[in-house]
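Colleague: Chains A and B, in that order, are what the protein sequence lines are.
Letter by letter, the first sequence follows residues 1 to 393 of my numbering.
Letter by letter, the second sequence follows residues 1001 to 1306 of my numbering.
Please note that the accuracy of each hint is not assured.
Derived contacts from chain A toward chain B, CB cut-off under 7 Å, selection only [said to hold, decoys possible]:
| id | residue |
| --- | --- |
| 1 | Leu50 |
| 2 | Trp115 |
| 3 | Thr169 |
| 4 | Phe171 |
| 5 | Leu177 |
| 6 | Met181 |
| 7 | Tyr184 |
| 8 | Ala353 |
| 9 | Val354 |
| 10 | Gly360 |
| 11 | Val371 |
| 12 | Ile373 |
Treat the hints as calculated values from the structure; they're not laboratory data.
Every residue gets a Cβ at the ideal spot worked out from N, C-alpha and C, and that includes glycine.
Now for the letters of each chain:
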Amino acid sequence: MSAAGPPQGANGSPTGGSAAANAASVGASIRLRLEARPEPSRLAGWLSPLVAALATLVVGFVLFSWLGKNPFTAFHAFFVKPIADFYGVSELLLKASPLILIATGLAVGYRANVWNIGAEGQLLVGALAGGGLALAFPETTSPLLLPAMIVAGALGGMAWAAIPAFLRTRFNANEILVSLMLVYVATHLLSWLVHGPWRDPEGFNFPQSKLFHEGALLPVLVEGARVNAGLFVALAVVAAGYLFMQRSLAGFQMRVAGLAPAAANYAGISSKRTVWMGLLIGGACAGVAGVQEAAGPVGQLLPTLSPGYGFAAIIVAFVGRLHPVGVVFAALLMSLLYLGGESAQLNLALPSAVTGLFQGTLLFFLLAADVLIHYRLRVVRSARTPVPVPKGA
Amino acid sequence: MDQFAQLIVLTLAAGTPLVYAALGELVTEKSGVLNLGVEGMMLVGAVASFAVAATTKSPWLGVGAGILAGAAVSMIFAALTLSLLSNQVATGLALSLFGVGLSAFVGLEYVSVVIEGIQPLAVPGLSDLPVVGKLLFAHNPLVYLSLALFAAVQWFLYRTRAGLVVRAVGESPQSAHAIGYPVIAIRYMAVLFGGACSGLAGAYLAVAYTPLWVEGMTSGRGWIALALVVFATWKPWRVLAGAYLFGGVTLAQFQAQALGLDMPSQFLSMLPYIATIVVLAIISRDATTIRLNAPASLGRPFHAGA
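If we strip away everything but chain B, and leave its shape as in the complex, we get (with noise of 0.2 Å):
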């Protein structure tokens, strides 16, 4: 029992950089604009926030610094695709290698470095509970931070007037705007939430999870985020469930070796991706249920003028 309460611990924590990077990028697609520089963004996020806690020595303000290097970064994206219409998936597929390029770049001097990381927070009393102890009370704060992200994207798209203009803009920009909403701002503040999001999910890797920087550290990640808003059909609580899934796929390398299996690691290791490509085909299949959920207008860039 012990040993499956680790395992749930583990999932959870491998699952996280998902969950963040997923939910910001859910965001940004509600309000129907396709950012595919997710992968970029986390590197910026998690580069910046290890240089950060490794010069002050605090991995708070590494996090903090994360959030507003990935926040930063977007901003570029936003420019180019909302002020200078740009196409969306060409822009983002630049922000990508530009973020490849640039943690590369800044992360060189930081590479063997070793930094305090965040540790588990465990509840004092209550994580010594058999069992439930581990299960709820001792994980990484950043982790019950995702939750709470979660909780407040659900409410906030669902329950909060703002959040059904984001979804409005998302499906028909020409009716929000000809109601008078500004779409463009409104854009701007999802992508810049989507963007502070990546940054966090790079910082958790880099100041949390691993807590070391190493070139390409995210190894796909922003990829996979990418590809789980749309096996959520763009669904909130299937993003945490999704994000989960996969934190368990990444485990699965592990533990695959500590039960003595005989397989080349290279093979394990392959193991996200595929699984990755096998749901995406599986839910894609139903291109009405993908048509019906995805907003209308997603990567469509909206001029005004025309």
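Looking at chain A on its own, in the form it has when it is part of the complex (with noise of 0.2 Å):
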């Protein structure tokens, strides 16, 4: 590092200097600039998701010409294919549903900076309850099973959550930390499960509990589909999250603690029971997450129970500017992402972990393009450079 030269460093005048790149070379006197603007631009909020995705594509392009694919057969296997069908869709929208509960609970948190990263945790410790009680009564019929499994989904959730909660109020431990290693944990407490006590003993000694009886499964819409009942809980509490957001004294409280916590101190609003809510919130939703995945494609207790839809929910509450109705959308994307991997793996021979690799990029370019709605985007002639351009530069 040679920072250790004289203060007037390589970036020129100490004063006013740019935090922007300097794109053009030093001869050229046209520079881009970031230049901050006096209010947020709503239009780029929304403009930029859109850009993050077309971005996102480009490089799928890339990437497909790369591995020596056409990249219009990829693109077709990758993203028209696996919806365009009936069964299609409605595996879309199974693999959405996981994703909008999640997403709108983990958005409710992100809002008011309470970084819950966790989720994937909590929604494998939501199955454990949910499912432990479907396991506990293998006999009943009672229409109140389902019902208790998912309130039982979200308590174990939102205990789940209450750990870093807890630790983040009374011990000012970071809970983006306390969260994500209670993932770890969960998943080790799961397989603990699947291998030993609630081991399904006509297993073949697989890792496994049995399998759940009719009363303990979420209802499929329709005949040969396998999306469930669930997509009516994941839509009420998208509505529910977006009148708590937009319409409860709560909501408004929580978004001035993520805009201006000064101000939100200043207030009187309790950042601790701001930590507690958007942690519980969050962990609520990822449990009841978890259950409908017990309880619905999968049908019993697995190690895999889940394929990373804790993760890819946080990259959809982003995308979904942590907006109820956004997230919908965003899930939708991103279910689709996950159906392209798997028709890519059948029909193309690609790795379905490129559907990993897409998320990722999709974020990127998300918080890449998310620089507009802070900033514009300034081509500066230089007045201030006032060394002459030296002839034929």
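Starting from the two chains in their separate frames, assemble the complex, guided by the hints.
Modeller: Below, the structure written as structure tokens:
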């Protein structure tokens, strides 16, 4: 690091320099500069996910070509084929529904600067709580079982999220790290249960629980598809999330706490309550999503219960602008990426891991495009570089 | 006694990836940048090093590739947070998620490949000494290198002018900017260093410690390294101590099984994560100490025009 030199460093003038990348070469006096907007641009806010999605497609195009696939065939296999028929659309909704649920819950916390990134763990514990109930009552035909499972799932997720909330409010421990560590703990907990006490005795020693009985499975919406009543739960949560964030006092307080923590403090908004609410709501939603997976397409408890929904939902929350309605669209896009990955594996012999790659890329582009919400890009003919341009430069 | 020496050797070996990753992150954070992407950078470093080691049959070339790969992905983070002023928390998370995806994708064809890893380096003559020989002279070369890195970081941050500037940028970028230091450029360098160290940590896992490639093989060590920087209250020597403490906890699961402790392996595997949570809570309890030791501008974007 050559910063030890004289203070007038390589970046030129000590005052009023710009943080923006110096796009033009030194000789030309045109440069790009970021200029703070007086107010955040709403237009840029909604356009940026579209820009990010397009840019991700471009990367996909390049990647497919580079892997020696015809990009058009690959695109068709990835983005069109999976939803070309009714079953495909139902699968899209099936995979979108846990993402919608979790991301709506996470968005509430993120708005208040409460960074719960352990939704994957809360999902698993929710599934354990709800699934445990199903396994504990193998005979019952009571119509109350499913609602009870969903409540148990929500409580399980909340309990798991309460740990980082407690440690943050009582011991000032960073909730990002604690909630993430608990993902690993939950994974091992699930693994222990399905290897040990909850293992299906007739399961040929596979680490899995018994299959849930009919009364513990979410009813399928349409014959022949897997999409189930969980979709309605997710949509109800979206509506509740919207009302909570936009129309309730508590939601307003959470938004203030996120936008201006000092002002929130001054106004007497309890920061402890904000942390608790942010984490508990996120945990409850993730827990319900866990029950939906276990009592839906999976139908039992398995170590591979969730294909990383808890982490993908973080991306969904951001792409959806931390807004319940935006989250729905973002979840559909993310669900398509999951389906596309599976289809690419079947039809193109591409690894389905390409899904994770696209998810990360999408979030990167979104964050990059988001700069235009608070800043505008200015092309400056730099008047304050009095250095004469040498002839022929 | 010999068993004790063996335990120390294993602890150092298990703690080394944490030493690399946490020292790198420490320097990044000292400049005021919070990069939560350590886990992702480690994975990318691990897969790159393993792929190169498997292709070229040279684990040392693999280590070089791991360092470069970690540094390369850290530049995505730097460009977004430093030039485009994106939120550091969100961008760091993105880097972790991206690293998981990218490494899984690249690593698929290496999943059951076997390579010749970097072997422990026995210093001729000295390593045969009783007890001391094993304790001091028979480690993996990358373990020695991590100690050298620790000394270098300690010296750089507290004994050089450049280190002082890095810390000044982390404490008050406005002041550093006002007296003419290129804040953004310095932060780029600090992020780059952190990325290279994380890449090296991943490379150590993939070509020396295990040596093999498994999807998600860092299993949360990147996040533990982040927590370590907080435990260490941003002091290099405490990072070192913490890393070995956690190395020891990671080993506990094998030791307990060896001792015949009747406990499901899953509970023992939880130990490092639970220990992280507990220690984090204990250290963070004293909010004043954390506030006084944390770089004052940690996590805040810097825009000179503002």
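Colleague: Does each hint hold? Answer for all of them.
Modeller: Structure-based check of each hint:
1. Leu50: Violated. Min distance 17 Å.
2. Trp115: With Cβ-Cβ at 6 Å, under 7 Å, it holds.
3. Thr169: 11 Å, violated
4. Phe171: 4 Å, holds
5. Leu177: 5 Å, holds
6. Met181: 4 Å, holds
7. Tyr184: 5 Å, holds
8. Ala353: 4 Å, holds
9. Val354: At 6 Å from the nearest chain B Cβ, Val354(A) passes the 7 Å test, so the hint holds.
10. Gly360: 3 Å, holds
11. Val371: Cβ of Val371(A) sits 4 Å from chain B, so the hint holds.
12. Ile373: Result: violated, 10 Å to nearest chain B Cβ.
In this structure, the hints that do not hold are numbers 1, 3 and 12, in rising order.
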